[in-house]
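Engineer: With chain A fixed as given, assemble chains B and C onto it according to the hints.
Heads up: the protein sequence lines correspond to chains A, B and C, in order. To convert, note that position 70 of the first sequence is 70 in the numbering used here; the numbers rise steadily by one, no gaps. To convert, note that position 190 of the second sequence is 190 in the numbering used here; the numbers rise steadily by one, no gaps. To convert, note that position 122 of the third sequence is 122 in the numbering used here; the numbers rise steadily by one, no gaps.
Since the hints were derived computationally from the structure, they do not count as laboratory data. Take these hints with a grain of salt, some might be off.
Stated by the list, open to error - In silico DSSO-like links for lysine-lysine, alpha-carbon gap of 27 angstroms or less:
(1) C:Lys122 to B:Lys114
(2) C:Lys96 to C:Lys131
(3) C:Lys300 to A:Lys318
(4) C:Lys318 to B:Lys314
(5) B:Lys195 to B:Lys10
(6) B:Lys300 to C:Lys321
(7) C:Lys314 to B:Lys321
(8) C:Lys3 to A:Lys114
(9) B:Lys195 to C:Lys122
(10) A:Lys297 to B:Lys288
(11) A:Lys288 to C:Lys193
(12) A:Lys300 to C:Lys321
(13) B:Lys69 to A:Lys314
(14) C:Lys297 to A:Lys314
(15) B:Lys92 to B:Lys10
(16) A:Lys195 to B:Lys246
(17) B:Lys246 to A:Lys193
(18) A:Lys114 to B:Lys115
(19) C:Lys114 to A:Lys111
(20) C:Lys111 to A:Lys122
(21) C:Lys282 to C:Lys246
(22) C:Lys111 to B:Lys111
(23) B:Lys131 to C:Lys115
(24) A:Lys122 to C:Lys23
(25) A:Lys300 to B:Lys321
(26) B:Lys297 to C:Lys314
(27) A:Lys321 to C:Lys69
(28) B:Lys111 to A:Lys282
(29) C:Lys57 to B:Lys193
(30) C:Lys96 to B:Lys111
(31) B:Lys282 to B:Lys69
(32) C:Lys282 to A:Lys314
(33) B:Lys10 to A:Lys318
The chain contents come next:
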Amino acid sequence: MGKNIFFERKGPFLLNDLFINLKLKKKIKIFDIRNLESATKDDLTFLDSIDYINFAKTTRAKYCLTTIKLKDYLPKNCEAVLVQNVLFDLCKVTRKFYPNADIDTPDISLKNPKKASYPNVKFGNNVLVGKNCKIGSNTIIGSNTIIEHNVSIGDDCTIGSQAVIRNTLIGNNVFIQDGCKIGLKGFGFIPLKGKNLRFPHIGKVIIKNNVEIGANCTIDRGSINNTVIGENTFLDNQVHVAHNIKIGSDCMIAGQVGFAGSSIIGDSVSIGGQAGVSGHLKIGNNVKIGGGSGVVKDVKDGTAVMGYPAVSLKNFIKNSKK
Amino acid sequence: MGKNIFFERKGPFLLNDLFINLKLKKKIKIFDIRNLESATKDDLTFLDSIDYINFAKTTRAKYCLTTIKLKDYLPKNCEAVLVQNVLFDLCKVTRKFYPNADIDTPDISLKNPKKASYPNVKFGNNVLVGKNCKIGSNTIIGSNTIIEHNVSIGDDCTIGSQAVIRNTLIGNNVFIQDGCKIGLKGFGFIPLKGKNLRFPHIGKVIIKNNVEIGANCTIDRGSINNTVIGENTFLDNQVHVAHNIKIGSDCMIAGQVGFAGSSIIGDSVSIGGQAGVSGHLKIGNNVKIGGGSGVVKDVKDGTAVMGYPAVSLKNFIKNSKK
Amino acid sequence: MGKNIFFERKGPFLLNDLFINLKLKKKIKIFDIRNLESATKDDLTFLDSIDYINFAKTTRAKYCLTTIKLKDYLPKNCEAVLVQNVLFDLCKVTRKFYPNADIDTPDISLKNPKKASYPNVKFGNNVLVGKNCKIGSNTIIGSNTIIEHNVSIGDDCTIGSQAVIRNTLIGNNVFIQDGCKIGLKGFGFIPLKGKNLRFPHIGKVIIKNNVEIGANCTIDRGSINNTVIGENTFLDNQVHVAHNIKIGSDCMIAGQVGFAGSSIIGDSVSIGGQAGVSGHLKIGNNVKIGGGSGVVKDVKDGTAVMGYPAVSLKNFIKNSKK
Numbered sequence: 001m002g003k004n005i006f007f008e009r010k011g012p013f014l015l016n017d018l019f020i021n022l023k024l025k026k027k028i029k030i031f032d033i034r035n036l037e038s039a040t041k042d043d044l045t046f047l048d049s050i051d052y053i054n055f056a057k058t059t060r061a062k063y064c065l066t067t068i069k070l071k072d073y074l075p076k077n078c079e080a081v082l083v084q085n086v087l088f089d090l091c092k093v094t095r096k097f098y099p100n101a102d103i104d105t106p107d108i109s110l111k112n113p114k115k116a117s118y119p120n121v122k123f124g125n126n127v128l129v130g131k132n133c134k135i136g137s138n139t140i141i142g143s144n145t146i147i148e149h150n151v152s153i154g155d156d157c158t159i160g161s162q163a164v165i166r167n168t169l170i171g172n173n174v175f176i177q178d179g180c181k182i183g184l185k186g187f188g189f190i191p192l193k194g195k196n197l198r199f200p201h202i203g204k205v206i207i208k209n210n211v212e213i214g215a216n217c218t219i220d221r222g223s224i225n226n227t228v229i230g231e232n233t234f235l236d237n238q239v240h241v242a243h244n245i246k247i248g249s250d251c252m253i254a255g256q257v258g259f260a261g262s263s264i265i266g267d268s269v270s271i272g273g274q275a276g277v278s279g280h281l282k283i284g285n286n287v288k289i290g291g292g293s294g295v296v297k298d299v300k301d302g303t304a305v306m307g308y309p310a311v312s313l314k315n316f317i318k319n320s321k322k
Numbered sequence: 001m002g003k004n005i006f007f008e009r010k011g012p013f014l015l016n017d018l019f020i021n022l023k024l025k026k027k028i029k030i031f032d033i034r035n036l037e038s039a040t041k042d043d044l045t046f047l048d049s050i051d052y053i054n055f056a057k058t059t060r061a062k063y064c065l066t067t068i069k070l071k072d073y074l075p076k077n078c079e080a081v082l083v084q085n086v087l088f089d090l091c092k093v094t095r096k097f098y099p100n101a102d103i104d105t106p107d108i109s110l111k112n113p114k115k116a117s118y119p120n121v122k123f124g125n126n127v128l129v130g131k132n133c134k135i136g137s138n139t140i141i142g143s144n145t146i147i148e149h150n151v152s153i154g155d156d157c158t159i160g161s162q163a164v165i166r167n168t169l170i171g172n173n174v175f176i177q178d179g180c181k182i183g184l185k186g187f188g189f190i191p192l193k194g195k196n197l198r199f200p201h202i203g204k205v206i207i208k209n210n211v212e213i214g215a216n217c218t219i220d221r222g223s224i225n226n227t228v229i230g231e232n233t234f235l236d237n238q239v240h241v242a243h244n245i246k247i248g249s250d251c252m253i254a255g256q257v258g259f260a261g262s263s264i265i266g267d268s269v270s271i272g273g274q275a276g277v278s279g280h281l282k283i284g285n286n287v288k289i290g291g292g293s294g295v296v297k298d299v300k301d302g303t304a305v306m307g308y309p310a311v312s313l314k315n316f317i318k319n320s321k322k
Numbered sequence: 001m002g003k004n005i006f007f008e009r010k011g012p013f014l015l016n017d018l019f020i021n022l023k024l025k026k027k028i029k030i031f032d033i034r035n036l037e038s039a040t041k042d043d044l045t046f047l048d049s050i051d052y053i054n055f056a057k058t059t060r061a062k063y064c065l066t067t068i069k070l071k072d073y074l075p076k077n078c079e080a081v082l083v084q085n086v087l088f089d090l091c092k093v094t095r096k097f098y099p100n101a102d103i104d105t106p107d108i109s110l111k112n113p114k115k116a117s118y119p120n121v122k123f124g125n126n127v128l129v130g131k132n133c134k135i136g137s138n139t140i141i142g143s144n145t146i147i148e149h150n151v152s153i154g155d156d157c158t159i160g161s162q163a164v165i166r167n168t169l170i171g172n173n174v175f176i177q178d179g180c181k182i183g184l185k186g187f188g189f190i191p192l193k194g195k196n197l198r199f200p201h202i203g204k205v206i207i208k209n210n211v212e213i214g215a216n217c218t219i220d221r222g223s224i225n226n227t228v229i230g231e232n233t234f235l236d237n238q239v240h241v242a243h244n245i246k247i248g249s250d251c252m253i254a255g256q257v258g259f260a261g262s263s264i265i266g267d268s269v270s271i272g273g274q275a276g277v278s279g280h281l282k283i284g285n286n287v288k289i290g291g292g293s294g295v296v297k298d299v300k301d302g303t304a305v306m307g308y309p310a311v312s313l314k315n316f317i318k319n320s321k322k
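Same shape as in the complex, but just chain A:
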């Protein structure tokens, strides 16, 4: 039942009230919605794909939204709450717990920071800072940048101008260039004719030490999970990192690369300009992805891939000579 520092959580709710059609016998209080790894016994979790059955085995949750096909992967301590479409019901339930996480309402409590509150921070002109922000020593924030409530920025950071940062925790010695938009809601919704149902984004962005992020990048926060940029990873300009992406440490991501949601990128991965990585993939450590590639499958440790769809570098060169 850890606190979500960025989004107000309602509840607890009775499981019976959340799923009135299920006609559950017991009166069960649910305190939060969490993924399989982080759920406690008081949370509702979810299993929507066979990709996550390893996490299911060890979940501490007592109740799990899932389908009839997947329910047998749950451990004994975890009871299935059966639905037709896990993401649809997950969306509806999460909206009850977090009614304000589906749209990024701009923080209108922003103020020009007082020097007394941030004695060792340098601010450009017109910087706007929300409530309860932490900004470390020797950090400098460029003009017109907006740091929304509860954001935390470490020591020795340089944040450029015209940036917007919300729902984000930033380590030390991080350099973020001008115009970045970090911690915004991702592109997640249930398509419904006339009016889509937005998925609440209750996760955050975590940017570790020594990271560099180029100009005009966009890094969306996680939906249920977090989006993470690992230590000493450098992103060039105009990179798009979708919700729930986890990038390891010591990676080099060149300009205009795009990541679709929920992929996991290993350590020491280098990605050439304009490459794209599809959603829900696992890219190993020490992988090299050539510029312009479109990666649509998992990539094993130490592999070099290129092309659209990306294949091993050898095959790409062979095919190019045909």
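Structural biologist: Positioned in the frame of chain A, the structure of chains B and C alone reads:
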């Protein structure tokens, strides 16, 4: 002779004065430049491609800029004004009617909005609003955002921070994320060595109800026509929509997708990340375009395409296995 | 020993102190780090690739960082300073001369410009201008835009809103749209586990007369050289131009195109949307690059190429029909 609310129109001009080399006999007053569909009998229209001959049949215009090859597609009520290069002459003439639409001069009459003028609107800090803007009830505008003169925004909208919106009409319940630049001049000009001749952009952007637009997107206004984003269509981050694009309703456009000018996208179309759609295409309803694709031909209703150049999904998978 | 107007240079340093392991006999004063073409006899230059041996032949530098493999390409007047990894040692030495060019510290001396200082310039609201900027007659700067110290902007320019411009010299009649970030540090560093070593970027961006740059573009300044956009070249929205790129005159660069570092693009080149150009290439004059292409090799004058990897247009069409 409807008014152009964003650009001051000069004239009327005599057709004889606009085309002195043509040596027209009659003294004809021309009041505006319009496309074939919307021209009235007092306007000059244009036909520059065989793609638009269906619109030519029913035009109400009495005069049409066109070439000797295309003139026979005009109806009896419409007389051809023959030129070598329709777009070049159209550009020159449009510049006479609209001398201020070829460059986006920043609106320097912007002011911080007074609460009394917008009683039911919430504004962040340093919001700048031009003259004659309309902003609906329960709409919220994020800090540092610029809304230029005559822009109209509906009820229940959320506009992020650091955005610029000009020459745009926005419906209700629209959500625009931080850093978007909407309603700017498109990439249209006559290439001339040393100094290109810019095409005036006298159209606008129309964003319908329930639309979502991700962070750092750019949506250019139309040149003669409008750029339109249909109802309940969602765009992810860093999407580029060029001038005159019309996107239907209920579409899903993933991150970093780009549209070249003047294409028409149907309803319920989904487009994967980083895909590109060439100019002057017609993409049908219920089309699915895979991520990273480059679409260079029309796509029929209900088709799934992928690849560069995009082919049917079946053929793409077959080719990938070679 | 020309002055670098944007970055403070330390020194001179003794060559012996810069490379203590080399055990040089003479005491040589080095005043600056320059490329082969622009180095004077008082500067240290570098030769890291066989691509640049033509420049080596005529360099005026007396000392050149290079490898044992390349040293014989140096002229008699120029002595080799032998190292294992030219770029690594160049990076370390350049950091000594220019200790403040590896991170873009936001200019915190910005002020709202006084009308008296810029009598013939129109400013929007909240424009911020650094020290020693030059802004020409009849130029207009949009709201919230930041012009950092020593930037020079010519006459009759239109600079949009929400832009950031640093380390840049801009000619006359230039039009830059909203949200551009120009003159920032490029994506150059020596990868080191845990903490990369950033390459100082001591070059600038030079934008010549009559250039147009679309919204939300990013143009990085040069590392040792400059980044140059030639006369009457037009860039569409969301284009990324990396460090040291030189684009000729009269080019048309469509939306979302990306250039990796140090390539040289000729005159009258047209590049379709979303195309990418790899680093260190030479693209000739009058080249046409199709939309979505990935150019990985030099392209000769007058050639049309397309595809990924880009091949001649003929071959692309042939391959597409297979």
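Engineer: Are the Cα atoms of lysine 300 (chain A) and lysine 321 (chain B) separated by 27 angstroms or less?
Structural biologist: holds (20 angstroms)
Engineer: Given the hinted pair lysine 111 (chain B) and lysine 282 (chain A), is their alpha-carbon gap at most 27 angstroms?
Structural biologist: violated (49 angstroms)
Engineer: Check whether the Cα positions of lysine 10 (chain B) and lysine 318 (chain A) lie no farther apart than 27 angstroms.
Structural biologist: violated (61 angstroms)
Engineer: Within 27 angstroms, alpha carbon to alpha carbon, are lysine 195 (chain A) and lysine 246 (chain B)?
Structural biologist: Judged against 27 angstroms, a Cα distance of about 19 angstroms means the pair holds.
Engineer: Keeping to a limit of 27 angstroms between CA atoms, is the pair of lysine 96 (chain C) and lysine 111 (chain B) held or broken?
Structural biologist: violated (47 angstroms)
Engineer: Hint check: lysine 92 (chain B) vs lysine 10 (chain B), CA-CA at most 27 angstroms. Holds or violated?
Structural biologist: holds (14 angstroms)
Engineer: Would you mind confirming whether the straight-line C-alpha gap from lysine 114 (chain C) to lysine 111 (chain A) stays at or under 27 angstroms?
Structural biologist: Answer holds: lysine 114 (chain C) to lysine 111 (chain A) is near 25 angstroms, not above 27 angstroms.
Engineer: Given the hinted pair lysine 300 (chain A) and lysine 321 (chain C), is their alpha-carbon gap at most 27 angstroms?
Structural biologist: The given pair, whose Cα atoms are some 33 angstroms apart, is violated under the 27 angstroms limit.
Engineer: Is lysine 300 (chain C) close enough to lysine 318 (chain A), meaning Cα to Cα at most 27 angstroms?
Structural biologist: Distance of about 24 angstroms is within 27 angstroms: holds.
Engineer: Given the hint that lysine 297 (chain C) pairs with lysine 314 (chain A), test it: the Cα-Cα distance must not exceed 27 angstroms.
Structural biologist: holds (18 angstroms)
Engineer: Within 27 angstroms, alpha carbon to alpha carbon, are lysine 297 (chain A) and lysine 288 (chain B)?
Structural biologist: holds (20 angstroms)
Engineer: Has the given pair, lysine 111 (chain C) with lysine 122 (chain A), been kept, meaning a C-alpha gap of at most 27 angstroms?
Structural biologist: Answer holds: lysine 111 (chain C) to lysine 122 (chain A) is near 15 angstroms, not above 27 angstroms.
Hint check: violations occur at hints 8, 12, 13, 24, 27, 28, 29, 30, 33; the rest are consistent with the structure.
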